[in-house]
Structures are given as structure tokens and as C-alpha cells.
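Going by the working numbering, the sequence shown opens with residue 99, and the numbers climb by one from there.
Mixed in with the good hints, there may be bad ones.
[As the list claims (entries may be wrong)] Here are the computed lysine-lysine pairs in the DSSO-like style, where the Cα-Cα straight-line distance is at most 30 Å: (1) 131 - 182; (2) 301 - 275; (3) 301 - 182; (4) 182 - 156; (5) 131 - 275; (6) 156 - 209; (7) 156 - 131; (8) 156 - 275; (9) 182 - 209.
For the record, the hints were derived by calculation from the structure and aren't laboratory data.
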Amino acid sequence: MGRNSVLIDLPALTIRQVAVSEMDNDVYLITVKSSGAQVLIDAADEPSTILRLIDSAKADAAVPTHLDVIVTTHSHWDHIRALKEVAAATGALTVAGAEDVGQIEVTTGVKIDRAVEHGDTVEAPGLSLDVIGLRGHTPGSITLALAQPDQPVHLFTGDSLFPGGVGNTNRDPARFKSLLADVSQRLFEPYDDATWVHPGHGKPTTLGAERPHLSEWAARGW
């Protein structure tokens, strides 16, 4: 049963979040106030809850809202269980990291419309999200960076970065080294301490809260 939608109200857009499934997966919805365009991040489970989330954002724009894009942060089953139903109900473009596209398509039966790589952008009218590849949790895991004028950056990190550490790499030293390196170089180096981190499960954090612990994570190996 989905938990209540949480609203972050920014000058040009809103961010709503709802947790679904027994895994407490976070589903995020960005709505552009001027155009009504929307981007959904991770159609994880409970399609009816996600559709209610989309409907609840009608009040966030002065014009009719419409879901333009569904982005999947990675291929793990708990992040894609509602993808087929939500994509069919909305007709939204489906997007995922290139290295994870094959697994997502096999698991869900959904054709991914666009495969993205590190450095790409995901766009909707009035909105641009930078794609950041974070290799290790899965080969094609991606984070989305939302930057707005005079506002902190918001990072939607899937299962690659959480409060307290990086995502699960199954105690594989090579995968952990890859993920920690990408998180360090592609998130902590370019973005400041005020940057928000919205993970795939649980509560948000900031890069400032997590930065002092990078050496601890490296030492423990997970």
C-alpha cells in the first residue's frame, strides 16, 4: 500500500514521492509548472498507487499535466514491477541506462524507447535532467541530476547512493571499487554539500551529510 505523496515545491516545478511495495521503493514524480510536463522515476510497484500519484500532481501546474517520460534507474526487479502497466496507461516514453536495457525488456516485456549513457540528458518541456552513470550496483545504473537556478541540485540516485553508503555490490571488490569511484568522481566532486540525494529506498540525505564518511566506506569495502 503506497504511503502518502510528499511534495517539494520549487519555483518552477514540484517533486512528489511515494513509497510502494514491501521493499519501500521510492517513486518520484517531477512536474513542470509552466508546461504540465512530468517525468516519473522508477515505476517500482503498485501501478494504481503510481497512477494516483500522477493524478495528485494535477494541482501542481496551472495547465493540464501529462506524463512524458518514465526513467528506470536500474534493472533490478523491485524497481520495474509497475513499468508495464504505467507505461501502457500513460503512453509515456521509457528510458533506462543502456547496459540495463536488455534485462529490463526481458523482465517486463516493455520496449525501452531510449537507452541513455553517462553525459546524456533526459528532457521534457521546461525540464532537463542530466544522466550520470554509476557502475557497480548494476552495469547500467544511472542517477538523474536536477539543477534549477538559485536552488540546490537534486540527485535521484536509485540504489547507487544512500544515507550511510553506496549500493549493494554483493561483496564483489571490483564492483564496489567501480561504484565508489563513480560516486566519488561523478557526484561528490562536481556537486556541493547542499545537494540533495533522493535514493531508491528510504529517506533523503545530502552530499554534505555523507561526504565525511567516504573514507570509512572505502575502508570497510561496502
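Going through the hints against the structure:
1. 131 - 182: 27 Å, holds
2. 301 - 275: With Cα atoms ~25 Å apart, residue 301 and residue 275 stay inside 30 Å; holds.
3. 301 - 182: 26 Å, holds
4. 182 - 156: 22 Å, holds
5. 131 - 275: Violated: residue 131 and residue 275 sit about 40 Å apart, past 30 Å.
6. 156 - 209: Roughly 27 Å separates the two Cα atoms, so the pair holds.
7. 156 - 131: 10 Å, holds
8. 156 - 275: 43 Å, violated
9. 182 - 209: With Cα atoms ~9 Å apart, residue 182 and residue 209 stay inside 30 Å; holds.
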